[in-house]
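Student: Starting from the structure of chain E, add chain X where the hints point.
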Amino acid sequence: MSNILVWAEHDSGVFKKTAFELLGKAAELRGDGEVTAVVLGDASGDSLGAYGASRVFQVAGDFSLFSGKQTADALHAAIEASGATVVLASSSYQAKDAMPRVAARMNSGMGSECTDLRAEGGQVVGRRPAYAGKVFTDVNIQSSPAFFTVRPNSFRQPAAGAGSADVVSVSCDTRNELTLVERKAPQSQDVDLTEAERIVSGGRSLKSRDAFDEVIRPLAAALGATVGASRAAVDADFAGHSEQVGQTGKVVNPSLYIACGISGAIQHLAGMRTSKVIVAINKDPEAPIFEHSTYGLVADLFEVCPKLTEELKAMQ
Amino acid sequence: MKIGICAKVTPDTDSRIKVQGDGIDTAGIKWVVSPYDLFAVEEAIQTKEALGGTVEEIIGYSVGPQSVVTQLRQSCLALGADKAVVVHGDAAENTDALGVARCLAKAIERDGVDLVFCGKVAADDDNTQVPSMVAEVLGWSLISRIVSFETDGETVTATRSLDGGIQEVVTGKLPMVLTADRGLNTPRYAKLPAIMKAKRKPVDNLTAEDLGLSSDDLAPRVTATSWSPPPARPSGRILEGDVDSQVRELARLLREEAKVI
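Listed in order, the protein sequences are those of chains E and X.
The opening position of the first sequence corresponds to residue 1 in the working numbering, with each subsequent residue numbered one higher.
The opening position of the second sequence corresponds to residue 1001 in the working numbering, with each subsequent residue numbered one higher.
For reference, chain X alone in the conformation it holds in the complex:
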C-alpha cells in the first residue's frame, strides 16, 4: 500500500498580509507548509509506523513553483515521507481549485496510491475545495475533519468533527481521502540527521502535460478580483468612568445603540 499527502505551501499564519494589485505583496513573507497539512503529514507517518512493512512508501504531493520543494523537504521528507511529487509550470500554477485537484489526482492515480491525507483547509485561500475535488476526480470516498484515524489496510475507522461539537465515528473502505482537523495528532519536529537525509530523497518534478492534462482541463473557471484589505471598522469608543458606570453604559449601548441584545 502507498500513502499520499497533499501539501500546500502558504504564507506563515503570523505573516502580515498586504494587498498588491489582485494578489498579495510577497516581500518578507515566510513560506511554510500550511498548518493543517502538517497534521496530514504526521498521520501518514503514524499510519506507516502502525502498519509496518505493508506500507511501501509515503509520497508528498504539491502544486506550485520550484521553490515549494524547499518546504516539502523540511516539513514532509525530513519528517518521514519517502518522496515528493511536485507539479510545476504556468498551467498548473495559474489554475483554480479544480485544476489543482486534477493535477494531484492524476499524480496520485499514476503512483497507485490507496490512501490520501490532506489538511482540512489551506491557510491562504481558505477554500476547503481541493480535497473533495481530488476525491471526486478519483471517484473515491472522503471523510473530512477527522480527529482520530485507524486502518487495517482495507477498512478505515475515523472520528470526524461535525458542526455543533458533534463527533461521529464512521467506517468506510479504501481507497479514500481524509482531511485532518486540529486534535488528530501532534506533529513531530524534524531532527538534524533527518533534515540532512531529506536533501537526498527523490523529488519528481512534473508538468500538467506530463500527467496528460490539457490546457482545457486547467483553464481557470474561477477568478479572484477586487482584492482589498478588510473593510475598515468605524473607530471604536473607549468607555469612560469607573467600572460600574462603564458596565452600565455598555449594557445601554448594546441595547439602545447597537441593538444586539
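Only chain E is shown next, with the shape it has when bound in the complex:
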C-alpha cells in the first residue's frame, strides 16, 4: 500500500487535466493507502474529492510567480504533514524544477517523466523513456518518499464520482526570492505541445515559411491541433523554436500526431514516438517515418493537406 500525495497544479484557479489524470492513477495504486492532493495558492481543492482524493491540503500564499525554492518549501510541508510514501506530479515546467529539489531535501530518489506507473510489492514502480525514447526502463526507488513526475496524457482522466475530501490548510514559509520584471504572453493561443492531444507537424519539404503557414496551420486549426515542426523546418525558419518537436525540442505524447513531409530522423522520432496514433504523409515511400506510423500516405503533402483540411471541416 502507498500513501500518495498528488500535486494538483492549476492555471489561475483552474485545475490542469494532468491533476485529474494523476488522481485517477493514484486511486488505482494506493491499495489500502490514502490519496491526498496538495494545492498551492489560489484554487479551491473542494472538487478534488470527486476524483479520488480523501484529503486536500491547501497551502495559502502568493504562488503567482514561480520559484522552485518557494514551491519546494510548500511541497515539503505538505509531504511531512501527509505522511506520503509516494509523491506524484505532472512533468510540467514547475514540477521539473521543484520536485528534484524536494527529493534532495528529503534524501530521496525520483523518476522523471514516467509514461506509466504500477504497484508492485507494496511499492510504486515507474516506467520511463530514456535516451530520448530510444530506451525504456523501470525506475525503482528504494528511499521514501518516492518522487515521480508523469508525462501529460499518460493516464485517462477519471469521471467525477461521489467522493468528497477533507480540506486541510497547511502553513509554511512562502517567501519568494525572485522578482518578476515582465511576462510575455505566448504568440499562439494553442495548447502547449507537451500537453496537446493532437499535433500536426511540418518538415523541410514545406520549402518556405509561407507554405508552412498556408498548408500546416489550417490543417491544425481544422483538427483543433497544436502545430509542431521538425528541426530542419525550424533551422530553415519555417516555424518557431518553441514549435520544434524532437530530442533537442519538445517531447510530445499526443493521441494523434500527423507528420507532414517529415522523413523521421532519429532526432525527431525521439520527440514523438510515444504518440498513440501516428499519421505519416510523405512522397518518399522509403522515408523511415513510415516504419513508425499507424497510417501512411505516400503522397505529396501539398495535395493531401488542403484536401484533408476540407474533409475534416466537412465532417464537423
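These are calculated hints, taken from the structure and not from any lab test.
A portion of the hints provided could be inaccurate.
PhoX-like cross-link-like pairs, simulated, lysine-lysine; straight-line CA separation at most 20 Å [as the list claims (entries may be wrong)]:
{"id": "1", "chain 1": "X", "residue 1": "K1083", "chain 2": "X", "residue 2": "K1201"}
{"id": "2", "chain 1": "E", "residue 1": "K276", "chain 2": "X", "residue 2": "K1083"}
{"id": "3", "chain 1": "E", "residue 1": "K17", "chain 2": "E", "residue 2": "K276"}
{"id": "4", "chain 1": "E", "residue 1": "K313", "chain 2": "X", "residue 2": "K1259"}
From the derived model, a few chain X residues whose C-beta atoms are all more than 10 Å from chain E [said to hold, decoys possible]:
{"id": "5", "residue": "S1067"}
{"id": "6", "residue": "E1109"}
{"id": "7", "residue": "R1110"}
{"id": "8", "residue": "G1153"}
{"id": "9", "residue": "P1187"}
{"id": "10", "residue": "R1200"}
Stretches of chain E that chain X covers, calculated by requiring three or more beta carbons in the stretch to come under 8 Å of a beta carbon on chain X [claimed, not checked]:
{"id": "11", "segment": "67-81"}
{"id": "12", "segment": "108-116"}
{"id": "13", "segment": "172-179"}
{"id": "14", "segment": "262-275"}
{"id": "15", "segment": "279-292"}
Keep in mind it's a predicted model, so treat the numbers as computed, not measured.
All C-beta atoms in this analysis are idealised placements derived from N, C-alpha and C, irrespective of residue type, glycine included.
Tutor: Here is chain X on its own, set in the frame of chain E:
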C-alpha cells in the same frame, strides 16, 4: 567572481542506442558533451567577456570516468573555460542523480563559485534532476530553461521559457544556478590554437572521498532496471488509391478505427 559549468558526457544524439542488459551497448558510440551543456559553456564565456576582469575563472565540473576529460578539453577548455574539475571513482560513477549533485555541489562550494550554468537536460537519462538538486544542496536559487541572461555580478536578470510558450523575465540575487535552453546563445567552435592550448589547461581529478562525501551520501536510492527498446508499434498501414480516396479513407480511419477525432 568565479563561474562554474556542470557538463555531462553523453552519447551523441545521432547515435544508435542498443540495449545490453541493464544498460546500453557502448560499442561504436561517439561521446560528446551533452548538447544543452554546450549552451551553458557558451553563456559562461560570454558572461566572463561581458564582466571583464571581475571574473577570476571559469571552471567546468563533471562526474564520470577518466575518459570524460577528453571531451571536457574539447568542448569546455578549448572554448574558454580555464580549468576542469572531474569527480571519478566507483562511488561517484555508480551513484544516482542526488549523488552526482552532491559531488558537483561540494566541488563548487570548495572552489568558491558564485554562478553556475547547466544544460536544462542531459541527452542520456533525460532526468532534469541534477541542476535543481545542486541548487538545493548549495541552498541557492535556480532559474531553469533560460533563453536570455545578464548579470552585474550581484543581480541576475534572465528570461525563462515556461510551458505554453510563456516567457518571463525575472531577477534574483547571486549565488544562483541557471539551466540553459535552446535559443540562449549560439555555441562557438574551438579554433586550432585554442585546442592545442587546452591540452595544457589544469584538470583536477578528485574522488568523492576527497570532497568529504561518505558512501552513504552516494549510495544510490534509484535504480533503472528492465531496460528494453521502445515498445514495438503494430505495423502500420499504407493507404491505397488516388489522393482523394486516401484522404477520405484516412478521415474515416481516424474517426471510426482509431477514434481520435
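Student: Run every hint past the structure and note whether it holds.
Tutor: Against the structure, the hints:
1. Between K1083 (chain X) and K1201 (chain X) the alpha-carbon distance is near 6 Å, which keeps this suggested pair within the 20 Å criterion.
2. Proposed proximity of K276 (chain E) and K1083 (chain X) is contradicted: the alpha carbons are some 47 Å apart, above 20 Å.
3. Note on K17 (chain E) and K276 (chain E): the hinted pairing holds, with a Cα-Cα distance of about 18 Å set against a maximum of 20 Å.
4. Taking the CA atoms of K313 (chain E) and K1259 (chain X), the gap is about 17 Å. The hint holds against a cut of 20 Å.
5. Its beta-carbon lying about 19 Å from the closest one in chain E, S1067 (chain X) satisfies the requirement of being farther than 10 Å from that chain.
6. Interface exclusion of E1109 (chain X) from chain E stands, the closest Cβ pair being 15 Å apart, more than 10 Å.
7. Distance check for R1110 (chain X) against chain E: the nearest CB is about 19 Å away, which clears 10 Å, and the non-interface claim stands.
8. Listed as outside the interface, G1153 (chain X) is consistent with that label: its C-beta sits roughly 18 Å from the nearest C-beta of chain E, beyond the 10 Å cut-off.
9. No Cβ of chain E comes within 10 Å of the Cβ of P1187 (chain X); the nearest lies about 12 Å off, and the non-interface call holds.
10. Under the 10 Å C-beta cut-off, the non-interface status given to R1200 (chain X) relative to chain E holds; the minimum distance is some 33 Å.
11. With a threshold of 8 Å between beta carbons, the proposed coverage of the segment 67-81 of chain E by chain X holds, since 4 of its residues qualify and at least three are required.
12. With 6 residues having a Cβ less than 8 Å from any Cβ of chain X, the segment 108-116 of chain E passes the three-residue criterion, so the hint holds.
13. Coverage of a stretch by a chain is defined here by at least three residues with a beta carbon nearer than 8 Å to that chain's beta carbons; for the segment 172-179 of chain E and chain X the count is 3, and the condition holds.
14. Here's how the segment 262-275 of chain E fares: 5 of its residues keep a CB closer than 8 Å to some CB of chain X, so the rule of at least three is met and the hint holds.
15. Three residues within the 8 Å Cβ limit are the bar, and the segment 279-292 of chain E against chain X gives 6, so the coverage statement holds.
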